[in-house]
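**Student:** Note that the protein sequences, when read in sequence, are chains A and B. In terms of our numbering, the first sequence is residues 384 to 1099. In terms of our numbering, the second sequence is residues 246 to 498.
Hints in this document: simulated from the structure, not taken from any laboratory. Because the structure is a prediction, the values reported are computed rather than measured. You may find that some hints are simply not true.
Straight line, CA to CA, 30 angstroms or less: simulated DSSO-like cross-link-like pairs of lysine-lysine [what the hints assert, rightly or not]: (1) Lys-313/B - Lys-815/A; (2) Lys-313/B - Lys-398/A; (3) Lys-398/A - Lys-455/B; (4) Lys-712/A - Lys-355/B; (5) Lys-486/A - Lys-513/A; (6) Lys-313/B - Lys-355/B; (7) Lys-712/A - Lys-398/A; (8) Lys-355/B - Lys-384/B; (9) Lys-384/B - Lys-715/A; (10) Lys-384/B - Lys-398/A; (11) Lys-455/B - Lys-313/B; (12) Lys-455/B - Lys-815/A.
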Amino acid sequence: MKTNADVPFNWYQQKQLFLKELRETLRDRRTIVTLLAMPLLLYPLLGIGFRFLTNSQLANDQQEFFIVSQTEEELTTFQSILVDGRQRLPDDSTENLQLDQLKFALVDPSEVTLMQRAQDWNDIGIRVEKRIGFSSNQNSAAPYGPYEIELIFNEDSPLSRQRAQSIQACLQASQDYWVWDQLQGLNPRLQRPLLINTTRVRPPPGPSPVLGLLPLVLLMMTVTGGVYPAIDLTAGERERNTMETLMSLPVPAFRLLIAKYGAVVTVTLLTGVMNLMAMGITLYSLQLVNPLFGETGFGLSLIARLFLMLTVFALFYSAVLLMITSSAKSFKEAQAYLIPLLLISLAPGLVIVLPGWNLTVATAVIPLVNILLLGRELMEGSATPLPALVAGIATVLYAATALSLAAKTFGDDSLASEGQGIRELLQPPQEKQSSPSFALAMMGLAILVPLYFWASGFLGAATWVQSAAARLIVSGMLTLLLFAGLPALLMMVRRVSLNTGFRLQPPGWLSVAGAVLLGISVWPLVFEAVIYSRSWGLGTDLQELLKEGEIATKAQTLLEQFQRVPLWLIIVTLGIIPGICEECFFRGFLFSGLRKLVSPSITILVAAILFGLFHVVMAGGLAVDRVLPSTLLGLLLGWISYRSGSLIPAIVMHATHNSLLLSMVNYREQFLVPMLGDTKSNHLPISWLIVAVLIAATGAILIGLGRKKTEPSAHK
Amino acid sequence: MLILEELTKRFSSGLLAVDRVSLQVQAGEVYGLLGPNGAGKTTTLRMVLGLIPPTSGQASIDGLSVAKHPMLFKRNIGLVSASAGLYPWHTPREIFHYFADAFGVAPDVKFDRINHLADVMELDSFIDQRCATLSTGQKQRVNLVRALIHDPAVVLLDEPTLGLDVVGASTVFNYVQWLRQMQKVVIVTTHQLDEAERLCDRFGLLHRGKLVLEGTLDQLRQQTGCSGLVEIFLQLLRHMEPQLTTDPLRESR
Chain A
384 MKTNADVPFN WYQQKQLFLK ELRETLRDRR TIVTLLAMPL LLYPLLGIGF RFLTNSQLAN
444 DQQEFFIVSQ TEEELTTFQS ILVDGRQRLP DDSTENLQLD QLKFALVDPS EVTLMQRAQD
504 WNDIGIRVEK RIGFSSNQNS AAPYGPYEIE LIFNEDSPLS RQRAQSIQAC LQASQDYWVW
564 DQLQGLNPRL QRPLLINTTR VRPPPGPSPV LGLLPLVLLM MTVTGGVYPA IDLTAGERER
624 NTMETLMSLP VPAFRLLIAK YGAVVTVTLL TGVMNLMAMG ITLYSLQLVN PLFGETGFGL
684 SLIARLFLML TVFALFYSAV LLMITSSAKS FKEAQAYLIP LLLISLAPGL VIVLPGWNLT
744 VATAVIPLVN ILLLGRELME GSATPLPALV AGIATVLYAA TALSLAAKTF GDDSLASEGQ
804 GIRELLQPPQ EKQSSPSFAL AMMGLAILVP LYFWASGFLG AATWVQSAAA RLIVSGMLTL
864 LLFAGLPALL MMVRRVSLNT GFRLQPPGWL SVAGAVLLGI SVWPLVFEAV IYSRSWGLGT
924 DLQELLKEGE IATKAQTLLE QFQRVPLWLI IVTLGIIPGI CEECFFRGFL FSGLRKLVSP
984 SITILVAAIL FGLFHVVMAG GLAVDRVLPS TLLGLLLGWI SYRSGSLIPA IVMHATHNSL
1044 LLSMVNYREQ FLVPMLGDTK SNHLPISWLI VAVLIAATGA ILIGLGRKKT EPSAHK
Chain B
246 MLILEELTKR FSSGLLAVDR VSLQVQAGEV YGLLGPNGAG KTTTLRMVLG LIPPTSGQAS
306 IDGLSVAKHP MLFKRNIGLV SASAGLYPWH TPREIFHYFA DAFGVAPDVK FDRINHLADV
366 MELDSFIDQR CATLSTGQKQ RVNLVRALIH DPAVVLLDEP TLGLDVVGAS TVFNYVQWLR
426 QMQKVVIVTT HQLDEAERLC DRFGLLHRGK LVLEGTLDQL RQQTGCSGLV EIFLQLLRHM
486 EPQLTTDPLR ESR
């Protein structure tokens, strides 16, 4: 390895770097306070508080209440009407059940009024008066009345309101009965206009609302656990004057930071585990599991999901915390930077409790919101795989970007000597650069992912793009803009030469010839890879595979929808443009950036994995079986590009491969199906594979023999 | 041998902190890089350490360039700074192990070297105590050992006696003598000119980023007609910046 990697990477050394950071943090009593004292004190206190609240609520529910009146006579009359009404109500009616708790009392009007009893005690005051001008039981079968009844209750008390409603229902039931009785006396043939039957049902208990809030609690745990170590391991180095000796070590800043990141993640996870334990013990000891979690309970499955979420939070937040604290010169400055982070963290936390916010592909790329939504859906058991995968990939990318930015500022002497801090990062460098930095490559990736999703979403929803041809052209332009335009723009801003940044040096002709041979011969091997990866999951036959495999997914749909689109347009927009642009991004821009930090083999591997993952997501569905073939293709393209020292052979191979595949899908009825016969096998004929392997091997040998271009030396 | 060739640093603010400084220091030689505050001593050392990239020029140790092999270059340098702190929750022994691992010292060599250096610098009584509990002098000794844990060819001492008492300063003198005997390339920056006279074989006087005078004490005396470094220094300042070096006592006479 060159430059920063002129001293080779060493796992033992990296482990020692990590252990030292972890020791320094764990021995610090301030960490211990956050780690142990906080959860051990916080949860019992919260639990006791909650218990107190539920108890007082219970006490309120069970609070004795009275029906009060000023005279014995009123009370007796009212009681008899109520008893009558109760008989008329169904046995299981809620009103009837409420009435079981009734107690009656007399009040002395010289001491307290009925209104005061209602206001202060939530009692229900009654007045029962004979209606003036009516003689008792005149023309009525009712055993009482006619009376005028007044109910006095506290409207602000839900409990009082509810009781008053029950009493009203009871009185109404009695009145209805006797009115109807009277009507029937007048005309025995009279029918009730309505006969009301009520069936009471209860929906099955859903997930406890507390579960939706748990991600927020986890988030606070994570931030609490990570803040102190992040500050101590970065700004703390400057404050205790150890930064200079640390930076004089023959270890790249990124590796020092990875060790610190490991320590912060570990402490954060430990804090999380302590919190979970304290939470669990509190819940069980104070018997709060049922009131809070209902039937879901607080079992191992929930704890495992919580721990998974905690890990995602820890990975993301630790990187963000380090990014912020790395540019601080002191503890105070770091704390000042972190306050906005805490506020920003709370805002999405509030968003996720709003209705209508779910984890979709669009929300899965919004930092912070995505992990909170994913957390909530994991807790509630409603997570779907694609958005969850997108959220996971996006979060890892954001964390990697944050870390690479942190590495750029961490130990930067200009922070101490010039005091310009992060502003300097945004200024273009004075000298022209030959290749993008690792941070720039990660930033490009982090910007590309959300832009790609939003752009695809807008294109899907765009009604102004009517014809198939127009849709293809717009899609091709989007690919051009995002995969080639975006990195080009970033490199121009950072004064990176586009020629060397995209690795567009002219290749040897042997490499190009080899790339063409690989381009025409690799598809059967890719198909076999798809079949093998599908055999671990979904089974399918070859015809279906041709319809769904590799880039044919898009093509097939489009071919069916857009029969009139000329083949050349499909090849240009789905074969050649993606071939060129994806290579510009993955084997050009990203490859150059990764090479700043890691060896060629790791660079090829990482670019290939990202290429593979990107194709899963690009398929717009859960084409997980595409990870393997796309990653293998990415490995081959990476090797071609590295071996030839140029992007051009990789472009040639990728575009040839895509175009050939599209042509085959287009002419499969005329060409492929007759040649394959009615084979029931999932696999291609062995003769095809042998020919393909021979051509591919020739291509690989030609590339191997081709002139190896030296890469421009990379500098941090 | 450490060679600085036309080493220059211009910060993005436009400040020219070091201006084409060239010098060579042989193995076994102690070189005093002297100058008033802001002369560019620390910036020069930071460039040699690889902490900041030079705007132009280069530094090399026995042909190994800092620009081409920054990490290998760092493996050949030990830094002692009076302001350097220690990790408070670690013991000196743990710190030595950490630095030895980071510098890529083979594990079988590491233990012997730590024991040997601890013995020479008399750290045995506190080598397993937390650094937070050590005295200033003890911390300085830990720093002196730490700088040698990877057996570097070059040792940079940045204000090594700043804030130390007589005993501490005397330890540093002995340490520099020891480095000379071990044939290390040594560069010392200091404000203590009388100390520099006793410590160093050769001197370079920096002023506003430029190396304005260089040589042994005898050579400097011949060039300036002065007897000691203090006098040479004041004469130089008077010559370069007369408005800054007016002696108020002399004026009042």
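**Student:** Now look at each hint and say whether the structure bears it out.
**Tutor:** A quick look at each hint next to the structure:
{"no.": "1", "hint": "Lys-313/B - Lys-815/A", "verdict": "18 angstroms, holds"}
{"no.": "2", "hint": "Lys-313/B - Lys-398/A", "verdict": "27 angstroms, holds"}
{"no.": "3", "hint": "Lys-398/A - Lys-455/B", "verdict": "43 angstroms, violated"}
{"no.": "4", "hint": "Lys-712/A - Lys-355/B", "verdict": "33 angstroms, violated"}
{"no.": "5", "hint": "Lys-486/A - Lys-513/A", "verdict": "23 angstroms, holds"}
{"no.": "6", "hint": "Lys-313/B - Lys-355/B", "verdict": "27 angstroms, holds"}
{"no.": "7", "hint": "Lys-712/A - Lys-398/A", "verdict": "27 angstroms, holds"}
{"no.": "8", "hint": "Lys-355/B - Lys-384/B", "verdict": "20 angstroms, holds"}
{"no.": "9", "hint": "Lys-384/B - Lys-715/A", "verdict": "26 angstroms, holds"}
{"no.": "10", "hint": "Lys-384/B - Lys-398/A", "verdict": "26 angstroms, holds"}
{"no.": "11", "hint": "Lys-455/B - Lys-313/B", "verdict": "25 angstroms, holds"}
{"no.": "12", "hint": "Lys-455/B - Lys-815/A", "verdict": "28 angstroms, holds"}
This entry does not satisfy hints 3, 4, going by the numbered hints stated previously.
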